[in-house]
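Enquirer: Place chain B on chain A using the hints.
Keeping their order, the protein sequence lines are chains A and B. If you use the numbering used here, the first sequence closes out at 237, no skipped numbers anywhere. If you use the numbering used here, the second sequence closes out at 237, no skipped numbers anywhere.
One thing to keep in mind: the hints can contain errors.
The list treats identical chains as interchangeable, and a pair is accepted whether it falls inside one copy or across any two copies.
With a cut-off of at most 27 Å between alpha-carbon atoms, the simulated DSS-like pairs for lysine-lysine come out as follows [what the hints assert, rightly or not]:
| id | residue 1 | residue 2 |
| --- | --- | --- |
| 1 | 162 | 227 |
| 2 | 104 | 92 |
| 3 | 193 | 227 |
| 4 | 193 | 231 |
| 5 | 186 | 227 |
| 6 | 104 | 231 |
| 7 | 205 | 92 |
| 8 | 193 | 162 |
| 9 | 152 | 205 |
| 10 | 152 | 104 |
| 11 | 92 | 162 |
| 12 | 227 | 152 |
| 13 | 162 | 231 |
| 14 | 231 | 205 |
Read the hints as simulated data drawn from the structure, not as lab findings.
Number of protein chains: 2
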Amino acid sequence: MTDMKVRVRAQSENATKTVINARNFRFVIDEPAELGGTNDGPNPVEYVLGAFAGCLNVMAHLIAKEMDFELRGVKIDVSGILNPARLFGQSFEERAGFKEISVMIKADTDADEATLEKWMQAIEDRCPVSDNLQHPTPVKIAVKATVPQL
Amino acid sequence: MTDMKVRVRAQSENATKTVINARNFRFVIDEPAELGGTNDGPNPVEYVLGAFAGCLNVMAHLIAKEMDFELRGVKIDVSGILNPARLFGQSFEERAGFKEISVMIKADTDADEATLEKWMQAIEDRCPVSDNLQHPTPVKIAVKATVPQL
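Same shape as in the complex, but just chain A:
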């Protein structure tokens, strides 16, 4: 298979609220009031955990089909621990992002434990979001001022 390019475009509405365009879809990101925001949507780290759950659901069904067992549905609970000290510039001792992420997948299925163990390992190995969270990814950030510099 060939490489795919995935792209989104974002625009700030205020200091914490961002509108994202992805193909013909649009979604809103904001911070809750207690983190200084206008609370018009989930915050960035909630979207990361949600994206992880969404990716696990796709993989869960795809791999159950390959393994030929019936999966009637999944409920997924995802949580992560982070310390906002670095974000707010108050301390640089800890990392900025999640220090750990925990996932519980509740599967509506009659498959046995050994099958589910094998299934889970394949899900984890082949899920793109799982990979990007667990392994380093090169990121390039460029900045340009839209007002011409003198």
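Expert: Chain B in isolation, oriented as in the chain A frame:
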């Protein structure tokens, strides 16, 4: 500052569509038809890139304020390259997720280039999503069948 726990709960609606609950918010994740989905929302990797843009916006404004320059707004373009071969189980040569991510931040500001360079470095260092993409994060996944095992 003390650790925060961030949590979302997800439920599959079908093999590709997931409904996410984060506090009082709800959002829908799906895959486009060409990836076998029902196309009712952005897909997981689009949410990851969008979350990254949303996080960069928050950091951009927070740090501009600390550095005492006026930031009237930002537009952020985020793209990533991935090969879906591993996801579909067709080849295990490449990683499952994004191999690289590129960001362009267009800042509406009169700040000079040296200021923007320093600003960008602080954004990148203190943005939680940037950290979780660029550095490894421990992930624990547990599975439970909701139907009692015999």
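Enquirer: All hints, please: hold or fail.
Expert: The hints, checked one at a time:
no.: 1; hint: 162 x 227; verdict: between (35 Å within a copy, 16 Å between copies)
no.: 2; hint: 104 x 92; verdict: both (26 Å within a copy, 21 Å between copies)
no.: 3; hint: 193 x 227; verdict: between (37 Å within a copy, 14 Å between copies)
no.: 4; hint: 193 x 231; verdict: between (46 Å within a copy, 5 Å between copies)
no.: 5; hint: 186 x 227; verdict: both (22 Å within a copy, 12 Å between copies)
no.: 6; hint: 104 x 231; verdict: within (20 Å within a copy, 37 Å between copies)
no.: 7; hint: 205 x 92; verdict: neither (30 Å within a copy, 29 Å between copies)
no.: 8; hint: 193 x 162; verdict: within (5 Å within a copy, 39 Å between copies)
no.: 9; hint: 152 x 205; verdict: within (13 Å within a copy, 50 Å between copies)
no.: 10; hint: 152 x 104; verdict: between (40 Å within a copy, 16 Å between copies)
no.: 11; hint: 92 x 162; verdict: between (29 Å within a copy, 19 Å between copies)
no.: 12; hint: 227 x 152; verdict: between (37 Å within a copy, 24 Å between copies)
no.: 13; hint: 162 x 231; verdict: between (43 Å within a copy, 10 Å between copies)
no.: 14; hint: 231 x 205; verdict: between (47 Å within a copy, 13 Å between copies)
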